[in-house]
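Residues 1 to 170, numbered by the UniProt record's numbering, are exactly what the sequence shown covers, in order.
Since the hints were made in silico from the structure, they are not lab data.
Mixed in with the good hints, there may be bad ones.
Calculated lysine-lysine pairs in the DSSO-like style (CA-CA distance at most 27 angstroms, straight line) [unchecked claim]:
1. K102 - K92
2. K102 - K34
3. K102 - K128
4. K30 - K127
5. K30 - K102
6. K128 - K160
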Amino acid sequence: MSLVHLANTCSHLQNASRARLGLTSIPDTKFHLKLMLALQNSGFLSTVVRGGPLPPPSHNLLSHPSSSNPEAPIDPVTRHNVASRRLWLGLKYWNSAPVIEKMELVSKPTRRIWMDVEGLRRLVLGKKSGYVLGLTRPGECLYVSTDVGILEARECVERKIGGQLICRIR
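Make the full structure from the sequences, and use the hints.
What follows is the structure, given as C-alpha coordinates:
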(Lines of atoms letter the chains of each structure in order from A and count residues from 1; the text may use other names and numbers.)
(Lines give C-alpha, C1' and ligand atoms only; values in the text may rest on other atoms or scores of the structure.)
Protein backbone atom coordinates (compact mmCIF):
# COMPACT_ATOMS: atom_id res chain seq x y z
CA MET A 1 0.00 0.00 0.00
CA SER A 2 1.55 3.25 -1.13
CA LEU A 3 0.37 6.24 0.82
CA VAL A 4 2.10 8.62 -1.62
CA HIS A 5 -0.22 7.50 -4.42
CA LEU A 6 -3.16 7.69 -2.02
CA ALA A 7 -2.27 11.30 -1.16
CA ASN A 8 -2.36 12.12 -4.87
CA THR A 9 -5.71 10.35 -5.19
CA CYS A 10 -7.19 12.26 -2.23
CA SER A 11 -6.15 15.63 -3.62
CA HIS A 12 -7.33 14.63 -7.13
CA LEU A 13 -10.82 13.69 -5.88
CA GLN A 14 -11.07 16.85 -3.81
CA ASN A 15 -10.03 19.03 -6.77
CA ALA A 16 -12.29 17.18 -9.23
CA SER A 17 -15.32 17.65 -6.99
CA ARG A 18 -14.53 21.35 -6.53
CA ALA A 19 -14.25 21.69 -10.33
CA ARG A 20 -17.75 20.12 -10.63
CA LEU A 21 -16.60 17.19 -12.78
CA GLY A 22 -19.10 14.39 -13.22
CA LEU A 23 -16.55 11.71 -14.06
CA THR A 24 -12.87 11.37 -13.20
CA SER A 25 -10.27 8.62 -13.22
CA ILE A 26 -7.49 7.40 -10.97
CA PRO A 27 -4.89 4.64 -11.43
CA ASP A 28 -6.29 1.13 -11.02
CA THR A 29 -4.75 -0.64 -8.03
CA LYS A 30 -6.28 -3.14 -5.62
CA PHE A 31 -5.99 -0.70 -2.73
CA HIS A 32 -7.61 2.16 -4.67
CA LEU A 33 -10.42 -0.17 -5.76
CA LYS A 34 -11.15 -1.28 -2.18
CA LEU A 35 -11.13 2.30 -0.89
CA MET A 36 -13.33 3.61 -3.72
CA LEU A 37 -15.84 0.80 -3.19
CA ALA A 38 -15.95 1.73 0.51
CA LEU A 39 -16.56 5.37 -0.50
CA GLN A 40 -19.32 4.24 -2.85
CA ASN A 41 -20.94 2.18 -0.06
CA SER A 42 -20.88 5.27 2.18
CA GLY A 43 -22.54 7.37 -0.53
CA PHE A 44 -19.65 9.65 -1.53
CA LEU A 45 -19.35 8.23 -5.09
CA SER A 46 -22.08 7.26 -7.52
CA THR A 47 -20.17 4.74 -9.66
CA VAL A 48 -16.86 2.88 -9.69
CA VAL A 49 -15.97 1.26 -13.03
CA ARG A 50 -12.72 -0.39 -14.10
CA GLY A 51 -11.62 0.58 -17.58
CA GLY A 52 -8.88 1.72 -19.88
CA PRO A 53 -7.49 5.14 -20.71
CA LEU A 54 -10.77 6.23 -22.36
CA PRO A 55 -13.97 6.72 -20.33
CA PRO A 56 -16.40 3.81 -20.41
CA PRO A 57 -19.68 4.15 -22.35
CA SER A 58 -22.47 5.81 -20.40
CA HIS A 59 -24.64 2.66 -20.39
CA ASN A 60 -21.90 0.87 -18.42
CA LEU A 61 -21.94 3.66 -15.84
CA LEU A 62 -25.72 3.58 -15.43
CA SER A 63 -26.27 -0.19 -15.41
CA HIS A 64 -25.97 -2.37 -12.34
CA PRO A 65 -22.64 -4.25 -12.21
CA SER A 66 -24.34 -7.66 -12.01
CA SER A 67 -26.29 -7.05 -15.25
CA SER A 68 -23.45 -7.42 -17.70
CA ASN A 69 -24.08 -6.21 -21.22
CA PRO A 70 -22.89 -8.73 -23.87
CA GLU A 71 -22.50 -5.91 -26.42
CA ALA A 72 -19.85 -4.16 -24.30
CA PRO A 73 -17.19 -6.71 -23.37
CA ILE A 74 -14.59 -5.71 -20.81
CA ASP A 75 -11.02 -5.90 -22.05
CA PRO A 76 -9.06 -8.51 -20.14
CA VAL A 77 -6.07 -7.28 -18.18
CA THR A 78 -2.83 -8.40 -19.78
CA ARG A 79 0.77 -7.55 -19.08
CA HIS A 80 0.70 -5.21 -22.08
CA ASN A 81 -2.18 -3.01 -20.87
CA VAL A 82 -1.90 -3.21 -17.08
CA ALA A 83 -0.20 0.20 -16.80
CA SER A 84 -3.00 1.95 -18.69
CA ARG A 85 -5.87 0.59 -16.56
CA ARG A 86 -7.94 3.24 -14.75
CA LEU A 87 -10.74 3.40 -12.21
CA TRP A 88 -13.49 5.68 -13.50
CA LEU A 89 -15.38 7.36 -10.67
CA GLY A 90 -18.73 9.11 -10.81
CA LEU A 91 -18.78 12.08 -8.44
CA LYS A 92 -21.94 13.12 -6.59
CA TYR A 93 -23.45 16.54 -5.90
CA TRP A 94 -26.30 17.57 -3.61
CA ASN A 95 -28.06 20.95 -4.02
CA SER A 96 -25.28 21.95 -6.46
CA ALA A 97 -22.63 21.39 -3.77
CA PRO A 98 -20.07 18.57 -3.98
CA VAL A 99 -20.64 15.62 -1.65
CA ILE A 100 -16.86 15.31 -1.20
CA GLU A 101 -15.99 18.59 0.47
CA LYS A 102 -12.59 17.62 1.86
CA MET A 103 -10.54 14.44 1.69
CA GLU A 104 -7.24 14.15 3.52
CA LEU A 105 -4.81 11.50 4.67
CA VAL A 106 -4.56 10.64 8.35
CA SER A 107 -1.55 8.33 8.11
CA LYS A 108 1.32 9.92 6.24
CA PRO A 109 4.02 8.03 4.32
CA THR A 110 6.51 9.00 7.05
CA ARG A 111 4.14 8.42 10.02
CA ARG A 112 1.63 5.62 9.87
CA ILE A 113 -1.02 5.69 12.58
CA TRP A 114 -2.43 2.46 13.96
CA MET A 115 -5.41 2.48 16.30
CA ASP A 116 -6.99 -0.18 18.50
CA VAL A 117 -10.72 -0.51 19.16
CA GLU A 118 -10.69 1.79 22.21
CA GLY A 119 -8.90 4.53 20.26
CA LEU A 120 -11.38 4.18 17.39
CA ARG A 121 -14.28 4.34 19.86
CA ARG A 122 -12.94 7.65 21.20
CA LEU A 123 -12.64 9.01 17.64
CA VAL A 124 -16.18 7.97 16.74
CA LEU A 125 -17.48 9.67 19.89
CA GLY A 126 -15.81 12.91 18.75
CA LYS A 127 -12.90 12.89 21.18
CA LYS A 128 -9.21 13.21 20.39
CA SER A 129 -7.17 10.00 20.44
CA GLY A 130 -3.43 10.47 20.21
CA TYR A 131 -2.64 12.85 17.36
CA VAL A 132 -5.98 12.31 15.61
CA LEU A 133 -8.99 14.57 16.14
CA GLY A 134 -12.39 12.93 16.56
CA LEU A 135 -15.28 12.90 14.11
CA THR A 136 -17.22 16.05 14.94
CA ARG A 137 -19.15 16.98 11.79
CA PRO A 138 -22.25 15.17 10.50
CA GLY A 139 -21.41 12.96 7.54
CA GLU A 140 -17.70 12.88 8.33
CA CYS A 141 -16.13 9.45 7.84
CA LEU A 142 -12.78 7.92 8.76
CA TYR A 143 -11.55 4.88 6.83
CA VAL A 144 -9.41 2.17 8.41
CA SER A 145 -7.37 -0.55 6.71
CA THR A 146 -7.98 -3.78 8.63
CA ASP A 147 -7.32 -7.48 8.15
CA VAL A 148 -10.79 -7.92 6.64
CA GLY A 149 -10.51 -4.97 4.22
CA ILE A 150 -11.10 -1.25 4.30
CA LEU A 151 -13.88 -0.31 6.71
CA GLU A 152 -15.37 2.88 8.09
CA ALA A 153 -14.39 3.62 11.71
CA ARG A 154 -17.93 3.12 13.06
CA GLU A 155 -18.08 -0.31 11.46
CA CYS A 156 -14.67 -1.17 12.98
CA VAL A 157 -15.99 -0.29 16.43
CA GLU A 158 -19.07 -2.49 15.88
CA ARG A 159 -16.93 -5.43 14.74
CA LYS A 160 -14.26 -4.73 17.39
CA ILE A 161 -11.42 -4.52 14.85
CA GLY A 162 -8.49 -2.10 14.88
CA GLY A 163 -6.18 -1.13 12.06
CA GLN A 164 -4.29 1.58 10.23
CA LEU A 165 -6.08 4.89 9.79
CA ILE A 166 -6.11 5.82 6.11
CA CYS A 167 -8.11 8.93 5.29
CA ARG A 168 -10.81 11.25 6.57
CA ILE A 169 -13.55 12.53 4.28
CA ARG A 170 -16.35 15.05 4.73
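Given the proposed pairing of K102 with K128, does the C-alpha separation stay at or below 27 angstroms?
19 angstroms, holds
Take the C-alpha atoms of K102 and K92, compute the straight-line distance between them, and say whether it is at most 27 angstroms.
The hint holds at about 13 angstroms.
Sort out whether K160 lies within 27 angstroms of K128, counting only the CA atoms.
With Cα atoms ~19 angstroms apart, K128 and K160 stay inside 27 angstroms; holds.
Checking one constraint from the list: CA of K102 to CA of K34, max 27 angstroms. Satisfied?
Holds. K102 to K34 sits at ~19 angstroms (cutoff 27 angstroms).
Going straight from one Cα to the other, do K30 and K127 come out at no more than 27 angstroms?
32 angstroms, violated
Assess, step by step, whether the Cα of K30 is no farther than 27 angstroms from the Cα of K102, and give holds or violated.
Distance ~23 angstroms between K30 and K102 Cα, so the pair holds.
Against the hints set out earlier in the document, a violation occurs for number 4 only.
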